[in-house]
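From first to last, the protein sequence lines are chains A and B. If you're matching positions, the first sequence starts at 1 in this note's numbering and goes up one per residue. If you're matching positions, the second sequence starts at 1001 in this note's numbering and goes up one per residue.
Possibly wrong hints are sitting among the right ones.
[What the hints assert, rightly or not] DSS-like mimics (lysine-lysine), calculated; alpha carbons at most 30 Å apart, straight line:
1) B:Lys1037 <-> B:Lys1068
2) A:Lys57 <-> A:Lys70
3) A:Lys70 <-> B:Lys1005
4) B:Lys1071 <-> B:Lys1037
5) A:Lys14 <-> A:Lys57
6) A:Lys57 <-> B:Lys1005
7) B:Lys1037 <-> B:Lys1005
8) B:Lys1037 <-> A:Lys9
9) B:Lys1068 <-> B:Lys1056
10) B:Lys1071 <-> B:Lys1005
11) A:Lys71 <-> A:Lys57
12) B:Lys1071 <-> B:Lys1054
13) A:Lys9 <-> B:Lys1005
14) B:Lys1054 <-> A:Lys71
15) A:Lys57 <-> B:Lys1071
16) B:Lys1068 <-> A:Lys57
17) B:Lys1037 <-> B:Lys1054
18) A:Lys70 <-> A:Lys9
The hints are simulated quantities; they were obtained by calculation from the structure and are not laboratory data.
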Amino acid sequence: NAGVTQTPKFRVLKTGQSMTLLCAQDMNHEYMYWYRQDPGMGLRLIHYSVGEGTTAKGEVPDGYNVSRLKKQNFLLGLESAAPSQTSVYFCASSRLGGSMGGELFFGEGSRLTVL
Amino acid sequence: DQQVKQNSPSLSVQEGRISILNCDYTNSMFDYFLWYKKYPAEGPTFLISISSIKDKNEDGRFTVFLNKSAKHLSLHIVPSQPGDSAVYFCAASGSARQLTFGSGTQLTVLP
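Make the full structure from the sequences, and use the hints.
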């Protein structure tokens, strides 16, 4: 029972490089989210999806793109990485949206360092 | 402008005593509140939640209290155990279907 799986777990990039973080969930959840965690800032929402083929901006979307081509996968892309994007990224999924009492299930996180 | 605030970055408590973690929010449209626990190198895990129609929810050693007039919620852990040492995040949601998280409180339970 994998739950939410993120790949890769660690990555070091140079400024200007691009990369994609993959999130996969096996719980048939409709909602998926990408958060970043920075010291003293808690978890901030980057982008989210309320279903296959849909995406929406969260609190800090600049510099990121996402796609939800399949219900079980949610991809986070960095087209031109910047040092400010050094962070720990968490993917989450939920059966219901937050306002309907939807508990989020998180992956283990992906630590990204941009030099 | 943080809509969910956890003003105590850290808290230390003796084993067996009560731990009280606090959270304040500014958005009166929030109608559902949750607490998550996070161990190092792991993702956050759901702990307990409360709807705005209630003022208390209890689950074993964990109780969450909601004071809507003060826009304040708290998590009580009693008795505290060393395994409870973790970062605790409070979160709130409203009609936007998003969770807004606080910055977290590191709880250390001393044996």
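Against the structure, the hints come out as follows:
Straight-line distance between C-alpha atoms of Lys1037 (chain B) and Lys1068 (chain B) comes to about 23 Å, which keeps the hinted pair within the 30 Å bound. The hinted pair formed by Lys57 (chain A) and Lys70 (chain A) meets the criterion: a straight-line CA distance of about 18 Å does not exceed 30 Å. The hinted pair formed by Lys70 (chain A) and Lys1005 (chain B) fails the criterion: a straight-line CA distance of about 35 Å is larger than 30 Å. For the hint pairing Lys1071 (chain B) with Lys1037 (chain B), the CA-to-CA distance comes to about 21 Å; that is within 30 Å, so the pair holds.
Our distance criterion of 30 Å between C-alpha atoms is met by Lys14 (chain A) and Lys57 (chain A), whose separation comes to about 25 Å. Pair hint Lys57 (chain A) plus Lys1005 (chain B) holds up; C-alpha atoms about 22 Å apart against a cutoff of 30 Å. Between the alpha carbons of Lys1037 (chain B) and Lys1005 (chain B) the distance comes to roughly 16 Å, so the proposed pair stays at or under 30 Å and holds. For the given pair, Lys1037 (chain B) sits about 20 Å from Lys9 (chain A) by alpha-carbon distance, which is consistent with the 30 Å threshold.
Proposed proximity of Lys1068 (chain B) and Lys1056 (chain B) is supported: the alpha carbons are some 11 Å apart, at most 30 Å. At most 30 Å may separate the alpha-carbon atoms for a hinted pair to count; Lys1071 (chain B) and Lys1005 (chain B) meet this at roughly 11 Å. For the proposed pair Lys71 (chain A) and Lys57 (chain A), the alpha carbon gap of about 18 Å is at most 30 Å, so the pair holds. Of the supplied pair hints, the one linking Lys1071 (chain B) and Lys1054 (chain B) holds, its CA atoms being roughly 13 Å apart against a limit of 30 Å.
With a C-alpha separation of about 29 Å, the suggested pairing of Lys9 (chain A) with Lys1005 (chain B) holds against the 30 Å cut-off. Between Lys1054 (chain B) and Lys71 (chain A) the CA atoms are separated by roughly 34 Å; this puts the pair beyond 30 Å, and the hint is violated. For the suggested pair Lys57 (chain A) and Lys1071 (chain B), the alpha carbons sit about 26 Å apart, so the restraint of at most 30 Å is met. For a cut-off of 30 Å, the pair hint linking Lys1068 (chain B) to Lys57 (chain A) stands: about 28 Å separates their Cα positions.
Restraint check: the Cα-Cα separation between Lys1037 (chain B) and Lys1054 (chain B) comes to about 22 Å, which is no more than 30 Å; the hinted pair holds. For the hint linking Lys70 (chain A) to Lys9 (chain A), the alpha-carbon distance of about 21 Å falls within 30 Å, and the restraint holds.
Of the hints listed earlier, those the structure fails to meet are numbers 3, 14, in rising order.
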